[in-house]
Amino acid sequence: MSLDDILQICHSYRPHYHEPYVHFPAAYLKEMKRIIFIGGGDAMLLHEALKYPNVEMIIGLELDQKVVRESLKHFHTQPHFEDPRVQWWFGDAAKSLSLLPREWFGTFDLVMVDLSETAMSISVTDDLDIFGALSLLMKPEGIFVKNELYYGQMSKLFDYSIFVYMWDYPILCDQDWAMGSNKIDFLHPVIDDGHMERGGIRTMEYVPLEDEDEHYKLIKDYSRNDARKQGKCDLYDKEVAKAKAGDVDKKEELVKPTRSAGVLLVVEADDVQSDMSTLESKLKGLMEEEGMHPLKPGTVVDKTPLGEVSSALFLAMEEGYVDAHFYPAKNHVGLEIALWSKIYKLDDLRNTILSALNAPIESTSSYRVIHGGMLGAKNWKEDVEAVGPVNKNLRECDPEVKAAEPQIGEGPMDSEVFATAVTSSLNLLPKKMDKVIAVLCGTEGTDECKIVQTLKQHSKVDKVVALWDCPADGKKKATNDADDVVSNVYVCDPKDVKRSAKIEEGYSAVVVDPQASEAFISNMTKEFCKRGDAGQHVLLRDQVAFMTSLSNDSEVVFFATCVKGLIKGMVRSSRIIIDKTAQYGIIGTSNPSFVRRVVDISESIQKRTGIRTVIDKMVGGPVQQQRNYDPEHYPANAYDERDALKQYTNQMPLASQSLYQLEVSDEGDVKTLSAKVINEAVEAVITSNQKFAGAKRVTFDKEIGDGSVSAAILAAGHFIVTWDGSGRLTLNTMTLDEQYEAIPPNAEVPDMILSVHKNEIVDLFLSKLPPSAKVSVREQMPRGSNRVVNFKRDINAIPNCTDHFVLCMDFAKDGECDDEEEKAWMHKYCSLSCGTCDKMTMGVPHP
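Numbering of the sequence shown is given in the UniProt record's numbering, commencing with residue 1 and proceeding in unit increments.
Simulated from the structure, these hints should not be mistaken for laboratory data. Be a bit skeptical, because a hint or two may be false.
To be verified - Computed list of lysine to any residue pairs in SDA-like fashion (alpha-carbon distance at most 25 Å, straight line):
| # | residue 1 | residue 2 |
| --- | --- | --- |
| 1 | K530 | D484 |
| 2 | K51 | G200 |
| 3 | K256 | E318 |
| 4 | K183 | K256 |
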């Protein structure tokens with residue numbers, strides 16, 4: 001699937017991307033109960049998230065339903081509109097976030113984002129963009145995941161950040177994403193007895209239960225970020241100052257909104273046991289019991305049957321409206337509830353109405369669509385406090401807490417601490433090869449180079465090469481070959497180092513002794529880590545490690561130069577803070593287990609010395625070409641498609657619905673709008689359109705807020721216009737027909753459009769408005785039964801039978817249904833075109 005000419009997803013790499021995107025962060029979380037994702041319309045993230053048995057709520061925010069519909073048709077991935085744990089919100093993400101119940105903020109374990117950089121900067125409130133609002137949804141110990149190259153930004157926004165890199169990807173070659181958290185350090189996942197193991201979660205590509213390194217090897221970069229040093233503590237300081245002044249409980253004066261939005265909850269109820277007459281008589285009272293304020297004349301009913309639909313009802317309220325259409329032959333009710341006030345009551349109203357209809361909740365599906373709002377609503381103060389985020393500090397800014405963490409000390413690292421650090425780091429070296437370690441010692445007789453003796457006595461070390469500065473007289477000393485373990489090399493010429501390294505077939509590791517002179521370290525920097533120097537292949541083995549304290553400028557330069565200058569594979573580095581002493585720097589190459597080993601090193605130093613340690617940073621170096629590129633490709637039926645195919649082939653579209661949002665941009669034009677103008681425009685549409693002949697007409701203005709609601713209700717459809725009292729209108733249209741026209745490919749939103757709705761209703765309505773009125777948003781959705789997702793034009797199927805691929809019809813025309821070599825495949829995957837529905841593959845359960 002491509003969007004805007006950019007490849008978004010293929011069957012072949014579905015598990016490569018979506019499995020780790022969900023299950024990798026799950027390894028760090030205490031709970032996987034509340035999850036929100038933004039931009040995952042293909043429902044593949046949802047599929048992975050629903051594997052967790054303890055999931056209580058999953059929210060999906062998506063611009064519109066196009067990707068959802070296409071994904072069920074082509075990928076056989078289900079949106080699970082019927083699952084009570086799943087809520088989809090379709091529309092502008094900024095508006096959706098501003099309408100989420102305030103009590104939800106700070107409650108989500110995992111926030112997953114697939115939005116462009118431009119979208120991330122859109123404002124949600126005066127002081128919050130989308131990124132800020134999304135981060136407020138997280139629990140303090142929650143995790144934020146963002147696709148693509150976002151590690152730099154993530155490091156500025158969270159106390160801990162990580163860059164995850166994956167390779168061996170079909171089609172795309174590789175992929176990456178960033179994660180952030182303010183409590184989780186990303187270095188201590190729980191794999192054994194973690195969520196995946198306890199939940200019995202099966203995966204195909206991300207398999208940490210088989211090998212924990214399958215998790216660690218995906219970590220490319222890591223950083224621990226100081227909010228105060230980054231200048232991110234202004235909110236914290238204001239909060240502290242407010243507390244000191246005793247103003248914590250003092251509420252700021254509420255500001256009356258100048259823009260308003262609402263939510264349309266769409267509900268498809270099957271297996272309805274009561275007829276609509278029950279709801280007609282009870283609806284007004286039920287809404288009053290729920291705290292709503294129905295308006296006169298109460299419930300408006302139309303009983304003009306057409307086709308399979310027999311009746312409809314409509315109830316306007318100060319807070320919104322309820323609309324329902326009854327299909328008795330299908331035992332189906334198409335219900336919708338629009339609220340611009342008391343939006344948090346949507347679920348309560350739905351459940352109350354379904355109970356009155358005697359409709360089982362397990363036979364319903366639902367989703368939400370952003371709808372226009374209403375300025376001047378009587379409950380605006382309550383609404384302002386009930387929905388949307390409130391900006392607050394999430395970072396660790398308490399100076400006392402930061403002061404209690406391990407701190408970098410001054411001066412050289414203690415030799416015993418350094419010896420512990422180096423010997424702990426020997427786990428970076430290959431187990432099955434001899435270990436030859438070069439030590440930069442400095443000037444013999446002046447610098448002690450104690451680490452040589454430590455390494456000499458270590459059972460894992462086979463050879464130590466002590467590198468000394470050339471004597472002052474320039475005369476080389478004879479090396480002491482009597483010692484089998486230690487060899488002294490005096491570096492008077494670069495060839496001296498290379499000669500020694502060649503004898504040893506390259507060094508396994510390079511260690512900088514803390515007492516080595518800075519001048520000697522600087523000279524050795526040029527020898528070992530000169531950028532692009534082919535001589536490195538003589539000096540260093542392919543899997544090599546560098547270890548140094550970072551207490552002076554020469555050590556820091558040596559470390560940084562080697563990080564950038566090594567031409568080995570997978571150059572990775574890390575800095576470890578050892579409390580009240582110098583930082584300890586490590587570089588490793590060609591070691592997929594580097595991250596895990598560094599964690600072990602840090603913990604080993606702390607355990608053996610009793611001094612607290614913390615890993616401050618890890619850098620993975622530039623991405624390198626995949627020389628052994630050999631990705632696994634997965635077909636669609638690698639997944640269990642049985643229920644998805646059952647849903648796709650048995651869904652029953654009964655009507656089509658459009659939700660158009662209009663905006664009048666010119667302030668002068670806005671002033672010309674009124675309830676009378678809106679009502680006259682609605683009347684013009686109704687009188688010119690035979691589809692609405694005999695429709696029940698209702699109009700509400702002063703009693704509903706600053707704007708108005710004008711509606712035409714029929715059993716076979718409706719036309720409901722909401723004006724917010726300013727320059728925004730929402731046109732809610734539903735009809736039984738389904739006719740389309742193509743939008744030109746160069747349009748901003750290429751798609752098919754319901755032509756009757758556009759040409760006969762929306763365009764005519766627009767012609768009655770001021771010239772600056774334009775369509776700002778359009779949403780289209782099928783209405784119907786059997787978990788409907790697709791329009792009729794999207795369904796190439798009969799019950800329980802379809803083609804798996806668009807080209808099946810062409811293959812069948814070419815005679816491949818009967819071709820000896822192809823027919824076995826054709827009968828399974830092109831069953832509709834071949835007439836072999838009894839042989840159609842439905843996918844297989846995952847083993």
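Hint-by-hint comparison with the structure:
no. : hint        : verdict
1   : K530 / D484 : 31 Å, violated
2   : K51 / G200  : 9 Å, holds
3   : K256 / E318 : 17 Å, holds
4   : K183 / K256 : 36 Å, violated
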